[in-house]
Amino acid sequence: MDRSEERGGLPLAARGLDFAFANRPVLRGVGLDAAPGRVLGLLGPNGSGKTTLVRILSGVLRSYRGSATLGGREVRDLRQRDIARDLAVVPQESRFGFPFTALEVTLMGRHPHLAGLAFESERDVAIALDALAAAGAGDLADRPVQQLSAGERQRVVFARALAQRPRVLLLDEPASFMDIRHQVELYDRVRHLAETESTTVVTVLHDLNLAAEYCDDVVLLRGGAVLASGRTRDVLTYANLKRTFDTEVYVDLNDLTGKLVVLPLSGRARALLE
Amino acid sequence: MSRRPPTAARLVAVCAALGVFLLLAIAAAVSLGAGPAGLRALLPGSAPDPVARAILLEVRLPRALLAAVLGGSLAVAGVVFQALLRNPLADPYVLGVSGGASIGGALALVLGLGAGAGLPGTLGLPAFAFLGALGALVLIERIATVDGRLTVYTALLTGAIFNAFSAALIYLLQSLASLEQLHAIVFYLMGRVPNDVGMRAIAGLGAFALAATVLLFSTAREFNALSLGEDGAAQLGVDVERLKRRTFVLGSLLTGLAVAVAGLVGFVGLVVPHLLRLLLGPDHRVLLPAAFLGGGSFLVLADLLARTVAPPMEIPIGAVTALVGGPFFLVLLRRRHATHGPV
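Line by line, the protein sequences are chains S and L.
The numbering of the first sequence is the working numbering, which starts it at 1 and goes up by one.
The numbering of the second sequence is the working numbering, which starts it at 275 and goes up by one.
Calculated directly from the structure, the hints in this document are not laboratory data.
Mixed in with the good hints, there may be bad ones.
[Stated by the list, open to error] Covered by chain S, per the in silico footprint, the following chain L stretches (three or more residues, Cβ under 8 Å): (1) 360–368; (2) 511–520; (3) 551–561.
[Unchecked claim] Here are the in silico distance ranges between beta carbons for each label pair: (4) L:E515 x S:G151: 24 to 34 Å; (5) S:A115 x L:A434: 30 to 40 Å; (6) L:A485 x S:E122: 25 to 35 Å; (7) L:T281 x S:L253: 50 to 60 Å; (8) L:G409 x S:R62: 26 to 36 Å; (9) S:R24 x L:E515: 19 to 29 Å; (10) L:V605 x S:V261: 53 to 63 Å.
We treat Cβ as the ideally placed atom computed from N, Cα and C, and that holds for glycine.
Go ahead and model the full structure; you've got the sequences and the hints to work with.
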């Protein structure tokens, strides 16, 4: 890959973040710190405010109270274009209204870097093709995105974020529709970016095992508030998981890596505990 | 099918090809029609024939140019409303401006402003219709703005309801109108390219349509990004609120002017963008200018048909665009589905 634009990561932080949709509070006093070169996992049950947090941190929702900063500057004061030059988002789900090809969608990642009416240069096309290959979607380049499966589409959207050459990568369940091989490849790529280009990574995920395997730090959200945060091995504990998700889980250590393994327990299995 | 991303060279090639096509369409519209007047009358060295010359240059040419401007406006409005609503089935009339324009036009005709000589006779109808369009634009924008944001789906619903409401209001006006007025209203609403618009007015309309198209073209890459949704576009650096508002206003003005002058000419704003998207791909940097030229050509040819199919009768151009455009479009869509799967 062309490294000429390598710029290192930027810190992304929140302090006392409050947000409400039509008087219904969604976030209450949320704080987090994402540092360059580290992968931060955002975990919590449905409706705990994870996606809202992503939308605030990426400048989409600006009527928050408290503080959200990108590279030390308040997000609500930044122009959307300036945010997009530093920060890329991989959303939960993408629907496309028109039959753009995967390569065309990936090239959209160059938008914040291009002047007004410009067409993409040869270099932009090369960056996009690299990004597609890095996202494991090189063979999809010419396919219309509307015809792709959900997992393939997620790979293309990930490629678009890579083509943006971000210093901060915000991922909202980027691999929820992927098979296990592509999930692992995506997170390997994310870790690689954090380690080699010191990209700042924040990722929302539901798969606790992926979180244990890949995240340096974890924030547990519940009801819009932070329940626990810190190093993954300190935070992902049986007690914290039970409090966060309100269900019993089976926790063990992986023999190979020494990292946490979390298994769901069915109603019948939970009954055995009592 | 392997499709490379568009380049500036491709844009120039597409515009050149469609520009030539538009010129040919205008030439055909000028040279064909009832009566013996042909393009030959304009050639140097032929016997001077002032009548033929007048028919060509003072009747057919202005009308062909007006048709080109109207078709281009409607097709561009179609493209940008489809981009705004992220729905290829949207057309320029979907957001309600056309309803406002038709109320204004029908009202002008009931008040007797649409006929006869003098300023009220020639300008009364389009002026009233355009005021109606502006009224609808402001009203719908107000209703659809929630917490300072233009909510596209509220705009869509408001537009649909406003169109239904305006149809009811027009029925009311029709029931109050005389038989002659009723006839005029019906023909106005069916859509027709008027004969009585002067060259200066046409030039003004053309300049406005071109300026609006250029302004919209300047955000072409943002329309591409908008196909990822409003959040997705914002996260790529697009000022989404500004884009939506500009698009809504410019697209509505283009539509409002077209309806004010020509009534409800259907299908141009739906079929032309669709056809061009199938041929050229969805990138708005190529699609938008192509729509202006392609929409212009389409309406020039449709108006030529409307004049020449059953002379000396003229059939309403709205009927031509629907009768020709509809089936053609369906065939194209089926063929496309057969080779590429549903799009």
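| message | Verify the CB-CB distance for T281 (chain L) and L253 (chain S) against the hinted window 50 to 60 Å. | response | 55 Å, holds
| said: Quick check on a hinted range of 26 to 36 Å for G409 (chain L) and R62 (chain S), using CB atoms only. | reply: 32 Å, holds
| request: Look at the Cβ atoms of E515 (chain L) and G151 (chain S) and judge whether their distance stays inside 24 to 34 Å. | output: 33 Å, holds
| said: Using C-beta distances, would you say chain S covers the stretch 360–368 of chain L, given that this needs three or more residues below 8 Å? | reply: n = 3 at 8 Å, threshold three: holds.
| said: For the hint 25 to 35 Å, verify it against the beta carbon of A485 (chain L) and that of E122 (chain S). | reply: Hint holds: Cβ distance 33 Å, inside 25 to 35 Å.
| request: Mind checking the hinted window 30 to 40 Å against the Cβ distance between A115 (chain S) and A434 (chain L)? | output: This hint holds: roughly 38 Å between Cβ atoms.
| field | Within 8 Å of chain S's CB atoms, at least three CB atoms from the stretch 551–561 of chain L: coverage verdict | value | holds (count 5)
| message | Does the beta carbon distance between V605 (chain L) and V261 (chain S) stay inside 53 to 63 Å, or does it fall outside? | response | Cβ of V605 (chain L) to Cβ of V261 (chain S): about 58 Å, so the range 53 to 63 Å holds.
| If you look at each residue in the stretch 511–520 of chain L, do at least three have a Cβ nearer than 8 Å to any Cβ of chain S? | With 4 residues in contact (Cβ-Cβ under 8 Å with chain S), the coverage given for the stretch 511–520 of chain L holds.
| Satisfaction of the hinted span 19 to 29 Å by the C-beta atoms belonging to R24 (chain S) and E515 (chain L) | 23 Å, holds
Against the hints set out earlier in the document, no violation occurs for any number.
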